[in-house]
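Protein chains in written order, with my numbering: chain G, 1 to 546; chain P, 1001 to 1063.
Keep in mind that the hints were calculated from the coordinates and are not lab data. Any given hint could turn out to be false.
[Said to hold, decoys possible] According to the in silico footprint, chain G covers these stretches of chain P (three or more CB under 8 angstroms from chain G): (1) 1002–1009; (2) 1013–1023; (3) 1029–1041; (4) 1045–1058.
Fair warning: this is a prediction, and the values are worked out from it, not measured in the lab. We treat Cβ as the ideally placed atom computed from N, Cα and C, and that holds for glycine.
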Amino acid sequence: MTLAPIDYLILAIYFAFVLGIGWWLRRRVQSSEEFFLSGRSIPLWIAGLAFVAANLGAQEVVGMAASGAKYGIMTAHFYWVGAIPAMLFVGLFMMPFYYGSRARSVPEYLKLRFDEKTRTFNAVSFAAMTVFSSGISMYALGRLFQLLLGWSFTACVLLAAGIVLVYILLGGLRASIYNEVLQFFLIVLGLAPLAIVAVTRAGGWAGLKERLAPEMTSMWQHMGSAADNPMGVDAFAMVAGLGFVLSFGYWCTDFLLIQRAMAAESMSAARRTPLVAAFPKMIIPFIVILPGLVAIALTRAAGSGYALPMKESGVFDYDQTFPTMLAQFYPAGMLGVGITALMASFMSGMAGNVTAFNTVWTYDIYETHIRPGAGDAHYLRVGRVTTVIGILVSLGAAYVATIYNNIMDLLQLVFGFVNAPLFATFLLGMFWKRATGHGAFWGLAAGTAGAALTHGLTLAEGKGAWAAELYRFPSTMAQNFWIAIVAWTTCFLVTIVVSLATRPRPDAEMQGLVYGLTERPRDSGRPALLAGVVAAILLALNWYFW
Amino acid sequence: MKLDLRYPIGLMFAAFGALLVGYGITHPDLRAPLTPVNLNLYAGLCLLAFGVSMLLLARRSRR
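Using the sequences and the accompanying hints, generate a full structural model.
The structure is reproduced here in structure tokens:
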């Protein structure tokens, strides 16, 4: 695929706009609270769209199209089961504690509610994870553009990272959030036409159903047993593993997302941020998954003019689904918009990681353990330096990934172990005032160990079972879901037992941090009604694609 | 100092839309391998309409 001059022009205009937004906002950044939290003054619609966009990285676009081609419409479970219910929960029930506690980060909430060691455990693992995941997505972007357009890996990665660095240094979190909204519209409006022309080509949804095997076009009918569907997951593992443990663990505790809501201008706006975000989140599967379904349908139909590329080993190279579809369906001009949208999705994901990283590093690690009590101007400077260092470490990680792919897989696995039990800690912390700091810390440690142990004792597609093989899963996805279920349950139980055995915290210290000791926020803006509308649409979608 | 985000969003999409519409008109026979319509023209019109409506919304709230 080669780009025409008009495509480069579009990409250049986009770069000018994101940099321009950072430049425009530069003078507002006078304090660390503005740099890290946008002075808690972001309007609701902007916070809501940034909440979705920060999660909508390039890996999601490319990866979900790949999953669509591999597993069919079941991929939508990652949205309609694996995101929306948790988004409603965090908005309705958890945001009052996050926003109301005036904590500046998620780890800081853990410090206020529990103790220093629990905060540090969370802060260190989160900081390491965000830096490495932005490195991994940088690697993915560099590879994609190298393969697709023949660009140099180094030039591409440096250009994209450099632009993100400049606008965050200039405008802080506000520049990141404003650009995420711009990027969100670009991703949706730039990629939706692909879904429309591709599905039309395949004869609409009815045509797709005709061309594909029944388990590719229904979400629930083939989930009675793991053996009946291409994911190798049964309905219980899907709902409990993905829909409950992993989804709530991510959407309700990941600071990358919560930071967008914490930056909102009021409690009522903060609560509605994830609810507003749920609307576009429900629509995104149509844009990213449907092209994957069309790709596999056209590949199976002889003479359709499209075929998924193969790897040397003779299996489909699913990661190429989205880019090759773009190349086949977009002419020069629109192709520039599509490529720019991919670039935008990468930047929104990366900026999300970077802004979350610099905040956690500065407040929860530097100010807490390295240099407490310095003036605000000092922490603002540290925040800026951390932004540069964070991006440099990510760049390093991207290069490590080009050489040692296995190290990255291993790191992602370890981060998965640390993340899986998190939601149990927050759930107990927010809704059970008897939970103690020792309980939370040992619960997390036990949950992480439980996750690692489950991985060590079970085998799936040749992965895991490094200790002994006690059980075999039909797919790594099923294995991941079960690891999460075990980790969550272990953390939940250990936290309760240790809490009951340790001294409770006096109620007076936990005002505003836990249910029962917090004044209920007034329901201004009707969050329950908003959540009801989302739930109704969600049910309708599941019913239609049943 | 204060930035109404709808201005830059509106401007960028209006620019993309205008570019694509112009390209679609000057290259009316340009087609991607699998898309039988002049996608630049139609998608360009949509982007242009979105950009212009963002600009109008921003202007209306300023008055």
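Coverage criterion applied to the segment 1013–1023 of chain P (partner chain G; beta-carbon cut 8 angstroms; 3 residues): holds (count 6)
If you look at each residue in the segment 1029–1041 of chain P, do at least three have a Cβ nearer than 8 angstroms to any Cβ of chain G? holds (count 9)
Please count how many residues of the segment 1045–1058 of chain P have a CB within 8 angstroms of a CB from chain G and say whether that reaches 3. holds (count 3)
Chain G over the segment 1002–1009 of chain P, status - at least 3 residues with CB closer than 8 angstroms: holds (count 4)
The structure meets every hint from the earlier list without exception.
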